[in-house]
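Q: First to last, the sequence lines map onto chains A and B.
Per my numbering, the very first residue in the first sequence carries number 938; after that it's consecutive.
Per my numbering, the very first residue in the second sequence carries number 39; after that it's consecutive.
Read the hints as simulated data drawn from the structure, not as lab findings.
No residue lacks a Cβ here, since even glycine has one placed at the ideal position from N, Cα and C.
Hints may be right or wrong, so weigh each one.
[To be verified] 30 Å max Cα-Cα, derived BS3-like pairs, lysine-lysine:
no.: 1; chain 1: B; residue 1: Lys415; chain 2: A; residue 2: Lys1255
no.: 2; chain 1: B; residue 1: Lys119; chain 2: A; residue 2: Lys1335
no.: 3; chain 1: A; residue 1: Lys1044; chain 2: B; residue 2: Lys393
no.: 4; chain 1: B; residue 1: Lys384; chain 2: A; residue 2: Lys991
no.: 5; chain 1: B; residue 1: Lys119; chain 2: A; residue 2: Lys1286
no.: 6; chain 1: B; residue 1: Lys392; chain 2: A; residue 2: Lys1002
no.: 7; chain 1: B; residue 1: Lys170; chain 2: A; residue 2: Lys1276
[What the hints assert, rightly or not] Label pairs and their calculated CB-CB ranges:
no.: 8; chain 1: A; residue 1: Leu1293; chain 2: B; residue 2: Gln256; range: 23 to 33 Å
no.: 9; chain 1: B; residue 1: Gln162; chain 2: A; residue 2: Asn1146; range: 25 to 35 Å
no.: 10; chain 1: B; residue 1: Asp213; chain 2: A; residue 2: Arg1263; range: 23 to 33 Å
no.: 11; chain 1: B; residue 1: Lys57; chain 2: A; residue 2: Leu1323; range: 31 to 41 Å
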Amino acid sequence: MIYNKTTNKNMTFNHIQTKPFKSTKIRVAFVAPLEDKKTTLRAILPYIMKAASKKFPSRIDVSTKVNEMYAARFNVGVSKKGETHLILFELSIIDDPYTLFGESLLKEGLEFLHEIIYNPILSEETYTEEYRLMTEYYQSIYANKMRYAIQTLQNTMFEDEPYRINALGSLETLNTIKFEDIQQEYQSMIENDLLNITVVGDVDYDYVNKEISSLFKSNPVSFEPSLIERSSKEITEITTKKLVQDVEQAKLVLGYRLPIYYKEELYYEAILFDMLFGGSSESLLFKKIREELGLVYSVQSSYNPYKGVFFIFLGINKEEYDHVLREIDLLIQSIDSTKELEEYLDIAKKSYTNGLIQSYDSISGIAYKLEHSSLYKQEINMEKTLELIERISLNDIKEVAKKLTLDTICFLHGEDNE
Amino acid sequence: MNKTTYKTVNETMTHTVLKNGLNVYIMPKEGFHKTYVTLSTNFGSINTTVTLNDGVKPIPDGIAHFLEHKLFEQNNEDVSKQFALQQASVNAFTQTDRTTYLFSCTDNFYDNLALLLDFVFHPQFTTEGVEKEKSIIEQEIKMYLDNPNTVVYMSILKNLFKDHPVTNEILGTIDSIASINEAILEETHKAYYHPQNMMLFITGNINPEDTIAFLEEQCVSEFGKMIEQQPIPKDKMVIYKKEEMIEKDVLVPNYLMGILLPEVQKEEIMKTELSIGVLMDLVLGKSTEAFNQLLEDGLVNDSFGMDISCNDSYGYFMIGSESTKPKVLEDRLISILTSIDVDTIKEEDFIRTKKQTLGSYIHALNSLEFIANSFTKYYYQNNNLFNILEVSKELSIDDLREIQTLFKNKELYTCFTLNPKKNEK
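Let's have the full structure, built from the sequences with the hints guiding it.
A: Here it is as structure tokens:
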């Protein structure tokens, strides 16, 4: 893989030429600071842009064009990294040798993205439709009880912190925005955002770079995105939030503070701790709570290094609430004396290695990695990462465990008489 | 051993049958780091009997899935630990007509391959292990009961068919799995896990010749003669229930419509499914007036989707969405589907669907998981994944005309709505 990167004012272009895939992937990210009200506007904006443009004035026209390009995979979306919000446009097109008439889809695809991004029709009609779809999306979270429990935990645990802001915004702020705000937000995105473009596939750098430079506009704006959120609070007691809903299985979510941040001290140690503790079916939680005690089917942990937090998600029998909490606490407190911890660590290292190497077998995975490392100004170096992982000791893992502080518990369960 | 090259997609497949009858397909993928391996049997939730030397016996619902879980127990330990130590991750899944065991690895390929064959072909059930599994699966069943999409999907199947085993829950029920014990598991394994009934698919960073030499050496012929199992009984072409509704703790209703389709011969499944897919794309795809009108009228949202399932003992088509106006959506869908007229389809739109099929297929070939799982699916239909482009190319408006008749009879339609509880917000 040959890696290239160029920066021109606010625009960065990342490129990797690679051969195993039959398609080329393009990602365009608009990067701005995360702000509460703006986030909901920025969440709905790309969906309105995706619906119509000067050249493709209706959803049917856009969709027909995408299908015309051999069912190109075209998606828009949003995400957040620390205190930064991203609007994303993604296009994947098949490589020219596979087309029926030798079409050159790359140029067509880049021009299509340019059209969607720079010539959108921001109509009130589309806005009304997308407003409804967004409302129904927020409402659908309620139907997914685990997601609803997670959302409730986040709103409680991070009440006064930016982390509470969902990349997709919220129903409350959606109700306060107006169509006129959209046009303004669009202008702001084009004029004030950082622009990060990534292309991965068997395509020549010089050629794509030339096309990108002529199609996408760079602006003389500049700011350093805040990609890690460090705000926290003092925990005097554990907050417990209980919800009663009509469910067969209770959902339990635990939120911990773990002040270890991306690529800083103990970062890889925390990644391995997560894998070893609850990140896979070979983890302590899985073995103890599911296999040994038979208390759950699903149990999973997750570490977020852009905020320094750690979560555990479980589906349990309501009656086992105290039992499960006790067992989890015991697992963390007694990690020093856990039998076969050495073997758990060994497995975690092997699993991490396997996962990392495999991530280079996905064109989307590579494109994401490239964009991510470009934003964080980090190099992509698999060998070096694997070396760092190999050096991690049991003591390092214990150090990570010591830094965990339970902050909030959310428990969503059925009625008592059920 | 024979080698086939598929020029249009630039792939090569090697096929061989081992001494014990196991079919092996190998497709190297240059430039990939990992190797992805699946071992499948055509045994799933749809199978309800075992036939051994002493005759035909019923088996409990959910046993295919239970067996899938329990094969992982070897020497009182979960075999997935050994895979992890060998830099691999192992998994398995049970479907209506298939069970698949798989691993992906970036090192120790041969050790992992040997381990896969060993644990799938040589079970070590224990009473304690079987009993403990029941409480784990009970939690898994409850988890799915809280998932509106699963509830709606299973409910519409139960509306469509009165007696067909496709309506069996893949996980079984808490009651049905209670009766599972080691003896039944062993008999079921013996009946359905004969190498002749199974297929091994290997793709990724591998050399086919070396792999086959290794497998020939590994493969032992300790398996007796394979006993033919009972075919799946067909059901009448009659809707069991026209309409059904339940209430759950949700905010937006979830609507699903099911249409009964005739069963088709295995070899014809690919063409039939492809034809239905193309027809539906022309009638209700994202580039159609009809779909955009549904969107504009607030009848569907991003959850809108369709599912086509053809089999030699049953067939159905499903379409639905979360919708705040499920009744209006229903009337519109019925009116659209019963009045499909392929003669109104523009030539250019039809030609474009061929580009779409090609494009989706080429994209999908980037995924080793897709290749392995689709190849296996078509293998059990006596077909070949790499025939898709040929079949798609030959598809004509006349084929679609034949397909549209399947949607004309309203008597074959059924619907299911999951509504918000009345006392909720």
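Q: All hints, please: hold or fail.
A: Now for the hints, and whether the structure bears them out:
1. Restraint check for lysine 415 (chain B) and lysine 1255 (chain A): the C-alpha separation of about 40 Å exceeds 30 Å, so the hint is violated.
2. Annotation: proposed proximity of lysine 119 (chain B) to lysine 1335 (chain A) holds, straight-line Cα distance about 22 Å (limit 30 Å).
3. For the proposed pair lysine 1044 (chain A) and lysine 393 (chain B), the alpha carbon gap of about 18 Å is at most 30 Å, so the pair holds.
4. Between lysine 384 (chain B) and lysine 991 (chain A) the alpha-carbon distance is near 24 Å, which keeps this suggested pair within the 30 Å criterion.
5. This hinted pair checks out: lysine 119 (chain B) and lysine 1286 (chain A) have alpha carbons roughly 13 Å apart, not beyond 30 Å.
6. At roughly 14 Å between alpha-carbon atoms, lysine 392 (chain B) and lysine 1002 (chain A) fall within 30 Å of each other, so this suggested pair holds.
7. Using a Cα cut-off of 30 Å, the hinted pair lysine 170 (chain B) and lysine 1276 (chain A) holds, with the two alpha carbons roughly 22 Å apart.
8. Judged by the Cβ atoms, the range 23 to 33 Å given for leucine 1293 (chain A) and glutamine 256 (chain B) holds: they are separated by roughly 30 Å.
9. Between glutamine 162 (chain B) and asparagine 1146 (chain A) the Cβ separation comes to about 59 Å, which falls outside the hinted range of 25 to 35 Å.
10. One distance hint, 23 to 33 Å for the beta-carbon pair aspartate 213 (chain B) and arginine 1263 (chain A), holds here, with the actual separation near 31 Å.
11. Taking the beta carbon of each, lysine 57 (chain B) and leucine 1323 (chain A) are about 40 Å apart, inside 31 to 41 Å as hinted.
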